[in-house]
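Novice: Under the working numbering, think of the first position of the sequence shown as 1, with each following residue one higher.
Because the hints were derived from the structure by calculation, they are not lab data.
Watch out, some of these pointers could steer you wrong.
[To be verified] Once the Cα atoms are required to be at most 27 Å apart in a straight line, the calculated BS3-like pairs of lysine-lysine come out as:
1. Lys-6 <-> Lys-33
2. Lys-185 <-> Lys-146
3. Lys-139 <-> Lys-6
4. Lys-6 <-> Lys-246
5. Lys-246 <-> Lys-5
6. Lys-5 <-> Lys-33
Note that the coordinates shown come from a computational prediction; the quantities given were computed from them, not determined experimentally.
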Amino acid sequence: MATQKKPPVDAVLVGFGWTGAIMGTELTAAGLKITDELSYGIRGKLFQHLARETVTIRHTPADTALPYRQHGSFLLGNGVGGAGVHWNGHHWRPLPADLRLRSTYEERYGKNFIPEGMTIQDWGVSYEELEPHFDQFEKICGTSGKAGNLGGRIQAGGNPFEGARRSDFPLPPLASPNSALLFAKATAELGYHPFPQAAANASRSYTNPHGVQLGPCNFCGFCERYGCYTYAKASPQTTLLPMLMKRP
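All chains should be built: construct the whole structure from the sequences, respecting the hints.
Specialist: Quick look at the structure:
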């Protein structure tokens with residue numbers, strides 16, 4: 001049998017999740033030709049085979065850690081690519097302190113607070129360095145939310161504890177059900193600061209910077225583990241792939 005040789009490309013992406021899709025966007029924008037290696041495109045390969053390899057889990061410190069034998073509240077991926085289809089769209093930014101965790105603890109509790117041998121450390125980049133990229137990704141995803149800190153100025157109704165951002169979310173928050181409205185009212189009366197969670201689920205029709213259109217969320221409730229049939233939940237397939245298919 002003759003071997004079929006496909007045209008050469010500059011780069012092969014192994015797995016087409018968020019990382020692969022973003023790499024594809026940047027590489028093709030630079031003029032490179034790419035292709036996706038599709039061994040993980042088959043649905044059954046997306047998840048780890050728990051009978052062969054798994055993690056241990058316990059619910060309290062007193063429990064005995066037992067092997068995780070059935071996929072439940074979190075899904076173990078097999079290889080790379082796929083998680084962007086199955087996530088539920090919770091779209092948090094890290095706090096500035098999250099990226100300098102060791103320094104934060106040492107400043108607050110002293111250098112002797114962290115035990116010897118504990119590998120907790122700062123990241124190699126700061127929130128300020130990453131903020132433009134957070135902003136760009138929220139615009140690609142069509143993230144719905146309410147800013148709480150715009151350029152260092154606290155905004156009513158948003159998360160007052162978040163790091164400073166250069167711009168508000170590209171879309172307003174998703175509508176809150178009555179239960180959430182009651183919760184927000186009660187917690188505000190107690191002196192807390194309720195705010196709508198940022199979600200990469202479009203609250204209205206949206207076209208992202210790559211010209212890809214997302215539809216509005218219809219609150220079907222099947223965000224977790226499922227692809228979104230209204231194209232409201234951001235994933236590599238709904239935000240980047242249509243654009244990449246038009247490139248070499």
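Novice: It remains to establish, for every hint, whether it holds in the given structure.
Specialist: Hint by hint, here is what the structure shows:
no. : hint                : in the structure
1   : Lys-6 <-> Lys-33    : holds (13 Å)
2   : Lys-185 <-> Lys-146 : holds (17 Å)
3   : Lys-139 <-> Lys-6   : violated (35 Å)
4   : Lys-6 <-> Lys-246   : holds (19 Å)
5   : Lys-246 <-> Lys-5   : holds (22 Å)
6   : Lys-5 <-> Lys-33    : holds (16 Å)
When the structure is compared with the earlier hints, a violation turns up for hint 3 alone.
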